[in-house]
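K.L.:
Residue numbers (this note's numbering), protein chains in the order written: chain A, 38 to 296; chain B, 38 to 296.
Please note: incorrect hints may appear among the correct ones.
It does not matter which identical chain is meant; a pair holds if it fits inside one copy or across any two.
Lysine-lysine pairs mimicking BS3-like chemistry, simulated, CA-CA at most 30 Å apart [as the list claims (entries may be wrong)]:
1. Lys213 with Lys110
2. Lys213 with Lys143
3. Lys133 with Lys178
4. Lys110 with Lys178
Keep in mind that the hints were calculated from the coordinates and are not lab data.
2 protein chains.
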Amino acid sequence: MRVKLVVAYDGTAYCGWQIQPNGITVQQVLNETLSQFFHQEIAVVGASRTDSGVHALCNVCAFDVDTRMPADKISYALNQFLPDDISVVASEEVDKDFHPRFQKGKKTYEYKILNSRFPNPVERLYSLFYHRSLDVERMKKAASYLVGEHDFTSFSSIHAQTNTFVRRVYCCDVEKDEGDMITIHIEGNGFLYNMVRIIAGTLIEVGNGRIEPEAVKDILEAKDRSKAGPTAPPEGLMLMDIQYDTSNNKNVIDSKETT
Amino acid sequence: MRVKLVVAYDGTAYCGWQIQPNGITVQQVLNETLSQFFHQEIAVVGASRTDSGVHALCNVCAFDVDTRMPADKISYALNQFLPDDISVVASEEVDKDFHPRFQKGKKTYEYKILNSRFPNPVERLYSLFYHRSLDVERMKKAASYLVGEHDFTSFSSIHAQTNTFVRRVYCCDVEKDEGDMITIHIEGNGFLYNMVRIIAGTLIEVGNGRIEPEAVKDILEAKDRSKAGPTAPPEGLMLMDIQYDTSNNKNVIDSKETT
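Could you build the full structure based on these sequences and the hints that come with them?
P.N.:
See below:
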């Protein structure tokens, strides 16, 4: 059967999701744990190939396995063997044609910026510390120009491999809480390589006054990575959620995207 | 001059606050960093000698130093030399008779319990994961009996060294947020050794049904550690705040207390 897992992880100790030669990845740990547990070679396919240091509350992956164990019990069993920084929060049987990356759906990311005079040690692994003053109202306005269907070439790493740079952003909000934590909340039908981190880096430049909020429209139109702000560091980024449509339309989340 | 520091730290990697032979402590790192920075032997005195693995947003310490550097600039300079998991969030000159532990004041702690079916890796360092169902209303009721001036012998480690077990708890609230995180918020004029962690362990036993909320009154009256619940693990505990009275009355925070 094909099993879908929802996986949460602290990305601090991992070289991202995808298996690579030089460093431990989340995918590798899942493959090894599942293979040992089921006594067969198992390889998971992930929805979001998050970068080194990026966290996830709800990444999705799927794998095929020959077992009589009920799919919804796999999460409980697996957590006994996974390290503390990876947790399977749900497991279920899915159709044989379910593919976490090609399936149509909606992804939600958050990027956190601690905007205070001094760093906070207990937030350091899950937010960017930024001590210069940021104007949240300017950031909100800039973020509003990103909503809708756009060509996001300017907000994509030059290393992106993709057929199209067009993505739809459903919402992009910026909020600051009482603890000086600014959260950029963004939902879309898919994200290009480094897209959320480049959006965060650009909104920071808007917040500190180096870029005008209205300039975001020009940056989008330029289709030129060099016009946007820097790529914000990975620790502030968290994949919050992936929701799949119940219909079976595919290929709307581009197969080559990663963030 | 005497300098007061407000210090935040992630206690995960430390054997608590107080210098000890077998392991690195927060006090040791501060002493070494300050001594190197000022080229003189410096020893800080802390307000709360937090246990191994306990965190702090605002612990307070003080030290004497011979320097012409303005006291309020010391925090900025020091953070350049401290590790990422310790941060000085404020520094100021204080009277020569200021003592962080003997000065009258109010301390605030929070204990966090993630009460969900599956652990959350990004919360694991700063909360206790507890998967059995907890009834927050029962916990709230039990907590209300702790408010006021009581003999907290039953909620103190047998290793406590103190002249009196009487403490005043100003408030003790229990709240659960949308993310299944239960927060025990407690304010008092001082806390005995392990007191907040034993309160947390007892409230968990009330939440899961093993102890009745009303039994907390009997536990207080018994003055017997064995009547209360277990000592909850350190990772869920955070020292949130220490507020000193502006008046100079002393000895209200007991000199031997630690949590």
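K.L.:
Next step is simple, just say for each hint if it's right about the structure.
P.N.:
Tested hints:
1. Lys213 with Lys110: Only across copies: Lys213 and Lys110 sit 27 Å apart there, 39 Å inside one copy, limit 30 Å.
2. Lys213 with Lys143: Answer is both: 24 Å inside a copy and 28 Å across each meet the 30 Å cutoff.
3. Lys133 with Lys178: Neither way: Lys133 and Lys178 sit 44 Å apart in one copy and 51 Å across, limit 30 Å.
4. Lys110 with Lys178: Cα proximity of Lys110 and Lys178: none, with 46 Å in one copy and 35 Å across.
In the structure shown, a violation is registered for the earlier hints numbered 3, 4, in ascending order.
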